[in-house]
Every structure is written in C-alpha cells, then in structure tokens.
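Student: So the chains spell out like this:
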Amino acid sequence: MELLCLEMDTIIRARPDPNLLYDDRVLQSLLTIEERFLPQCSYFKCVQKDIQPFMRRMVATWMLEVCEEQKCEEEVFPLAMNYLDRFLAVVPTRKCNLQLLGAVCMFLASKLKETRPLTAEKLCIYTDNSIRPQELLEWELVVLGKLKWNLAAVTPNDFIEHIMRKLPLPEDKLELIRKHVQTFIALCATDFNFAMYPPSMIATGSVAAAICGLQLNSTNHSLWGDNLTELLAKITNTEVDVLKACQEQIERVLMNNLREGRRQQQKQQQQEQGGQRSKALDDQDQSSTPTDVRDINL
Amino acid sequence: MTAQRRRARVESAIVTMAAHKRILRSLGNGPTRRSLFGPVDREQLQREYRAALRRDLEDASRRWSFDFASEKPLEGGDFHWEGVSGVRVPLLYRACQEKQQKRPCEAHQPGQSAAGKENIPKTPERCAALPHEVEKTPEKSSELKRKQTNITDFYQAKKRLVATPRKSGQ
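Sequences listed follow chains P and Y, in order. Oh and the first sequence: position 113 is 113 in my numbering, straight run, nothing missing. Oh and the second sequence: position 38 is 38 in my numbering, straight run, nothing missing.
So here's chain P without its partners, still in its complex pose:
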C-alpha cells in the first residue's frame, strides 16, 4: 500500500542532454528561428477592440498562479503566453472569452511540455467552472488552427542553459541563479511590453538581472568586472545598449510588481483592522497572508 503511494509522485524527467546543451549549433538555430514564433503585431492597437492591456495582465497572472499551484514545468507558462499572444494578434476576442483562451493555451502548452499534463477538468475548476471541459476542447481546436499547429515555439527558457554555461559562475550558485532567471522570465511574460521582444533578449536580460540582483557581479569582479553585459550581448548577438535597456526594464517591472503587491497587502490589513472586529479567527489568519496575489506574480 505505502509503496504504491511512493510510486505515484515520481515524475520521470530526462537528464539534461549535453549533445543539445553544449553544442553551439543548437544555440545558433534557436536564434535563427525564434522570430518565427513572435506575435505578428502589437495587437492592442490593431486587432483587439474589447480587451485592454490590463486584462492581459489579469489573465496572465491567473495563468501563472495556476501553473505555480499545479507545479507545472517552468516553460509551460511562458509557452502558454506565447500561444495567447499569437492568437490575439490574429483573432479579435471578447473580454468574456479571454479566460477560456488562457485556459486553452495552458492546456496546450502543458500537453506539449509535461509528462503529466493538466487536465481539462482541472483547468475548468480553476476558472471557477465558468467554462466547461467540452468548451475547452472545442476551442483547443480553434486555437490550434490559428497557430497553424506550430506549437513548438522557442521560449526564453530554451536559452537559459546556453547562456549560463558560457559565464564564469560559481558552481554552488547555479541552481539559485537558474531559479531567479526563470522567475524573471515568468515576470516578463505577464507584461505586454515584452511580448514582441525576441525570447533570446528576454533570456539574456533575465540572466543579467539575476546576476546583478544576487550581486554576483561584484564578488566576482575580477572575472568580468563591468563586462557582464558585453559578454552576455555577445552570446546571443544582442546589442549592448538594447540589452542594458531590457535589463533595466525587467528590474523596473519587478519593483512595480512588489510595490503593488505590498500595497494590496497593506490595504487588506487596514480593512481588517478598521472593519469588523467580530470576524472569525480563521478569517484573520487569511488576512495575514497575501490573499490578493495577482500583483506579486511569483
């Protein structure tokens, strides 16, 4: 009996393949094809009438929370956002269908990337049953058609290892850096300003932001000094100025997100204190955790 329980939770993962990760031709191919998977236009200006940038943010934040809670593989969320942006760049969509679209995109990305993908039923529950599994499956077909079945899009996550292995990083920090880079990439995916950026640039900017944020560049000063940006720019053929701007933009988005998250938290606490004192204990317990997580993102 107990043995069965142990078996259930094993997730079988392939080891990193050195033939893929340590071959520069792979990186060059990724750089060559990445532009093919960008959305065709800045769709809030030219395609969409009913939906606005803040709604994309809402649905993106919800999608990220679902992926987090379901412990999806890291690339599922950025890939799902790629599908969402590509669909919205060609199909005018009404606001009330946006969450359905988000669920469909997660459904597809999860099936492409995971050994145990999210089920339609689970995703529908996360929409508070505002959509039905049947509808999810129907729209899956529509979205697939609009994406021309090109699902294996290049994401920023594809570049992480290629970039990191070319940097003189301390061995014991690699896991931490990787985590932070993935976090920054997810953050970028929630922000429409990054939707038209090539994935390699987002990846490079995220690596730069992670290394600077962890202040690894100051301790390892002798290794690269101020040349981190230049080194990074060379790896992915990005211009130094553009990369610097991208890094700063990522850091700004992070600050804004955290500030907003903190503000929401404070507002809630104030409401709790000023309002009804007679509330049940478990309610107060909830208030001490950030119940409104939409703007924290991570």
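No wet-lab data here; the hints were simulated from the structure. Careful, some of the hints might be misleading.
Cross-link-like lysine-lysine pairs, in silico, DSSO-like; alpha carbons within 27 Å at most [stated by the list, open to error]:
| no. | chain 1 | residue 1 | chain 2 | residue 2 |
| --- | --- | --- | --- | --- |
| 1 | P | Lys148 | Y | Lys72 |
| 2 | P | Lys173 | P | Lys71 |
| 3 | P | Lys146 | Y | Lys72 |
| 4 | P | Lys173 | P | Lys146 |
| 5 | P | Lys148 | P | Lys49 |
| 6 | P | Lys111 | P | Lys146 |
Owing to the predicted nature of the structure, the values given are computational and were not obtained by experimental measurement.
Fit chain Y to the supplied structure of chain P, relying on the hints for placement.
Tutor: Just chain Y now, kept in the frame of chain P:
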C-alpha cells in the same frame, strides 16, 4: 552610487519575492480558483466556435482544392485528386472504428485509467468517445466535426499535380 542602490533594492526585492513564493504554495486551491471576467455567454460562444471551424474548413478547402463538407474534389485548384481503394491505404489512415478493432492495446485503456495517472488515458479515450460526443452536440457542429476527422483519409488519395511549392497557407 545610484546604480549600486538600485542593485541593492532589486536584491532585497528578490528575497521578498522568494518569501511570497513560499506562502503562495501553501495557499492551496483557494484564491487561484476564480472567474476573471464574469459569466460566459454560452450560446454566443457556440456560435463563434462553429463560425471559426467553418472558416477554417473554407480556408482548407481553398488551399487543398477539396470540398471537405461534401467530400468532393474542387476544380481549378493546385491539386488534382484521384480516389484510392481503402484496402490499399495503410492501417493508420483508415477510419477510427476500424483502427480500434485491429489494435488490441486500445481496448485495454479504460481498465488502466484507474491506476491513478489521470491524464494519460485521456487521448486514446477521446478517439473512442468521439461518436458519443458528436451525438451530444447540435447538428451543425457535429457535421463539421465528422467531416474534419476525414481529412486524413484523403491524404492518401491525393496525387500532387503541381510540383512547385505553394506559398499560401503560410
């Protein structure tokens, strides 16, 4: 100096972020489960779904010069179609029911689904569930659906007439 201060702020932000992440994980099923933009208009959704499928089908018909609705070749396109007897087509391309009979592995699937891997049996099951699903949906969409599954049947029947690659469809 300002750059330094900015870095320090980002660093402390990262620490906070990690803490939030941990808290988020423990929240469980609560606040993530939510409807974002209010109720969905089901009838309109169905209409839009059918319209989208019909448009896809029309595009495909133009591209392959084949009327998938009536299952007849169209004249004047880039392709010329010839019928092939079903027996000569590899098993993979034959109709769904036929495939199920000849593949013993699919018959076992429902029994295995109890093994706890909730996602894995889904795909094979859908093939079996398709006729049932078609019955449930209103007439128009069921027609579209059934015709669509037949597209693969006709891949075998085609003979490419024009050798030059076509730029449409991309």
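Student: Take the hints in turn and mark each one as holding or not.
Tutor: A quick look at each hint next to the structure:
1. P:Lys148 <-> Y:Lys72: 24 Å, holds
2. P:Lys173 <-> P:Lys71: 23 Å, holds
3. P:Lys146 <-> Y:Lys72: 25 Å, holds
4. P:Lys173 <-> P:Lys146: 42 Å, violated
5. P:Lys148 <-> P:Lys49: 24 Å, holds
6. P:Lys111 <-> P:Lys146: Roughly 18 Å between the alpha carbons, so the hint for Lys111 (chain P) and Lys146 (chain P) holds.
Hint compliance for this structure: hint 4 alone is broken.
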